[in-house]
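Protein chains in written order, with my numbering: chain A, 261 to 574; chain B, 143 to 456.
Derived contacts from chain B toward chain A, CB cut-off under 10 angstroms, selection only: (1) M271; (2) L272; (3) I283; (4) A286; (5) V289; (6) A432.
Across the chosen pairs, the derived CB separations fall in these ranges: (7) P288/A <-> S302/B: 36 to 42 angstroms; (8) T294/B <-> L282/A: 24 to 30 angstroms; (9) R316/B <-> P415/A: 24 to 30 angstroms; (10) W393/B <-> M521/A: 50 to 56 angstroms; (11) S302/B <-> T289/A: 36 to 42 angstroms; (12) T295/B <-> Q477/A: 47 to 53 angstroms; (13) A474/A <-> D335/B: 54 to 60 angstroms; (14) M374/A <-> W393/B: 33 to 39 angstroms; (15) T294/B <-> R570/A: 29 to 35 angstroms; (16) N323/A <-> L168/B: 51 to 57 angstroms.
None of these hints come from the bench; they were simulated from the model.
We put the beta carbon where it would ideally sit given N, CA and C, even for glycine.
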Amino acid sequence: MARQRLTLLTGLLATFVTIYLLWNLRGPTGFILSLRAERLAALILVGAASGTATIIFQTIANNRLLTPGIVGFDSLFVFLQTMLVLSLGGLGYTALPDTPKFVAETACLVGAAMLLFGLLFRKGAEDVIRMILTGVILGVLLRGLAGFAQRLLDPSEFAIVQQAQFASFNVINDDQLTIAAIAVALALLASLWIAPSLDVAALGRTKARTLGLAHDQLVLSALAIISVLIAVSTALVGPITFLGLLSAGLAHLVLRDHRHMVLIPAAAVIGAAILVAGQAVFERLLGLQSALGVIVEFVGGLLFLLLVLRRPAR
Amino acid sequence: MKVAWLLAGGLLALALVSVSTGATSLWNGSVDRDLLLVVSRVPRTCAAMLAGAGLALAGVVVQQTVQNRLVEPGLTGTPEAAMLGLLAVTLLAPGAALAAKMSFAAAGALVGTIGFFALSRYVPRKDPMLLPLVGLIYAGILQASLVWAAWTTDLMQYISIWASGEFSGVLQGRYELLWIVAFLAVALYVAADRITILGLGEDYAKSLGLNYRRTVYLGLTIVAIMVAVVVVTVGAMPFVGLVVPNIVSRWRGDILRQNLPIIAALGAAFVLASDVVGRLVRWPYEIPAATIFAVLGAALFLWLLNAPRARPHG
Numbered sequence: 261m262a263r264q265r266l267t268l269l270t271g272l273l274a275t276f277v278t279i280y281l282l283w284n285l286r287g288p289t290g291f292i293l294s295l296r297a298e299r300l301a302a303l304i305l306v307g308a309a310s311g312t313a314t315i316i317f318q319t320i321a322n323n324r325l326l327t328p329g330i331v332g333f334d335s336l337f338v339f340l341q342t343m344l345v346l347s348l349g350g351l352g353y354t355a356l357p358d359t360p361k362f363v364a365e366t367a368c369l370v371g372a373a374m375l376l377f378g379l380l381f382r383k384g385a386e387d388v389i390r391m392i393l394t395g396v397i398l399g400v401l402l403r404g405l406a407g408f409a410q411r412l413l414d415p416s417e418f419a420i421v422q423q424a425q426f427a428s429f430n431v432i433n434d435d436q437l438t439i440a441a442i443a444v445a446l447a448l449l450a451s452l453w454i455a456p457s458l459d460v461a462a463l464g465r466t467k468a469r470t471l472g473l474a475h476d477q478l479v480l481s482a483l484a485i486i487s488v489l490i491a492v493s494t495a496l497v498g499p500i501t502f503l504g505l506l507s508a509g510l511a512h513l514v515l516r517d518h519r520h521m522v523l524i525p526a527a528a529v530i531g532a533a534i535l536v537a538g539q540a541v542f543e544r545l546l547g548l549q550s551a552l553g554v555i556v557e558f559v560g561g562l563l564f565l566l567l568v569l570r571r572p573a574r
Numbered sequence: 143m144k145v146a147w148l149l150a151g152g153l154l155a156l157a158l159v160s161v162s163t164g165a166t167s168l169w170n171g172s173v174d175r176d177l178l179l180v181v182s183r184v185p186r187t188c189a190a191m192l193a194g195a196g197l198a199l200a201g202v203v204v205q206q207t208v209q210n211r212l213v214e215p216g217l218t219g220t221p222e223a224a225m226l227g228l229l230a231v232t233l234l235a236p237g238a239a240l241a242a243k244m245s246f247a248a249a250g251a252l253v254g255t256i257g258f259f260a261l262s263r264y265v266p267r268k269d270p271m272l273l274p275l276v277g278l279i280y281a282g283i284l285q286a287s288l289v290w291a292a293w294t295t296d297l298m299q300y301i302s303i304w305a306s307g308e309f310s311g312v313l314q315g316r317y318e319l320l321w322i323v324a325f326l327a328v329a330l331y332v333a334a335d336r337i338t339i340l341g342l343g344e345d346y347a348k349s350l351g352l353n354y355r356r357t358v359y360l361g362l363t364i365v366a367i368m369v370a371v372v373v374v375t376v377g378a379m380p381f382v383g384l385v386v387p388n389i390v391s392r393w394r395g396d397i398l399r400q401n402l403p404i405i406a407a408l409g410a411a412f413v414l415a416s417d418v419v420g421r422l423v424r425w426p427y428e429i430p431a432a433t434i435f436a437v438l439g440a441a442l443f444l445w446l447l448n449a450p451r452a453r454p455h456g
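Pulled out of the complex, with its shape left as it was, chain A reads as follows:
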């Protein structure tokens, strides 16, 4: 049942991709196709990354309202990047070759996220709303710190960081596309690898531990995977808070299944499909520039409010 629906979702994504690629195609076909394919790849990577990251995050936080963006994961990335530029100088930063730089940034994020959120989850597992709020404010604090650090940069250095500040699907860092694709593929594989353990973890920390799961260890490895995925999506287009919430919520809704083996791919496919379809509609149909990120935030925010207000009383 779930597998059929997953196939259906994949078919839907394939349709969107074809529409996006072939819509109104004329002139130098090869050139246009290569341009579109590049952006398409970025959209799919970002959508898949944030969908997967959110599903895993919701499981280890044991809460369907959370996304890594809400608790400030991407602010942490922006902050770390700012600190890197600040400490190395703009010239030193841009002189670094792409691959090691990305790896180093991601490694920083993995370390920092494990420290911060690992602590948060272990301490606050029983009081979920306090944990979310702490995370949200932590996000504000990190954004504030990044803003503060950016004031200390000179304009040319600032321009380097600025790219990571706003979500934009039109200016995509395509030189990082290959590394990003490899990273996302590895992270997806890893998340499927731990999918059975995630099924157990979804029962809650106490039950999972009774059943013999090394819960704390699993949380740490899940946080590492999430960090890689968030690093990819933030590096490519900038912070997006609610895309993951949309795709994870839809994945649960469509599949009605609790196995992460199918949930994770479904969330990835839905995330990618939302972005590709949205970009196709906005870019081609409505002729609007740059509005997609904002619309995703708007709709996702409404969904979040709806979920909060309809939450069954404990």
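With chain A held as given, fit chain B onto it using these hints.
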């Protein structure tokens, strides 16, 4: 009474520091000292104090109205709503007088604040942390609409001016609107007892003979105007209204008639101090007071969230 003298003395000392701090020294004789004082330093000091007092008072009124200590207008969408009002008047009547812009901003802020108040009645009260979260998301939705409206009309730069509160642009003749805050503070002082009763909840307030609805709208109107004035003249500054009333309430309980002057003075002192720090950190360049306060305020809020209460409430 001792506290009052202490606070007044501290504020005066801070004001003196603020007046004598800046890119140019007052005592090297190359500038006209009186002119510098009258045109720039004194207005700037007054503006910081008025903005701080206004935001802190607005915070306490909202907290009493929705009966939740973890919210404040700056984190629940009021500045965003004011900016939407400003954007509307900028688009509809670009040449409008300051008073007209001001009234549109205040009207927008009022609608946004009442919207949050209406939303707060649907949020389950069991968990006090839920409402601030809902407020943050509500603010995010307003922010998304604001960004979208500004993006499609090429007014993004306006927004970035309003969004981050700073005092470097304050000169004689450009901040006087802020004195409205002083008048409103007096009005609030007159209504202090009613607003204290508001904090007991709708049922209690009604059985004590208070016209609940009218008092709520009076309070929210004062909040909206105060926030709108601050946004129009210096820009948004989150966290002031949250941190200051909480500190005062932990310290002295909840009798507003006694507390309002202390809250106002402390708010003024905090904002003025962050402005002075912002002027000194990267002398002779400046860092916006809002940036400094966001870091400070977020850290304080995290402490408020997670520190055990010193003594039980009431």
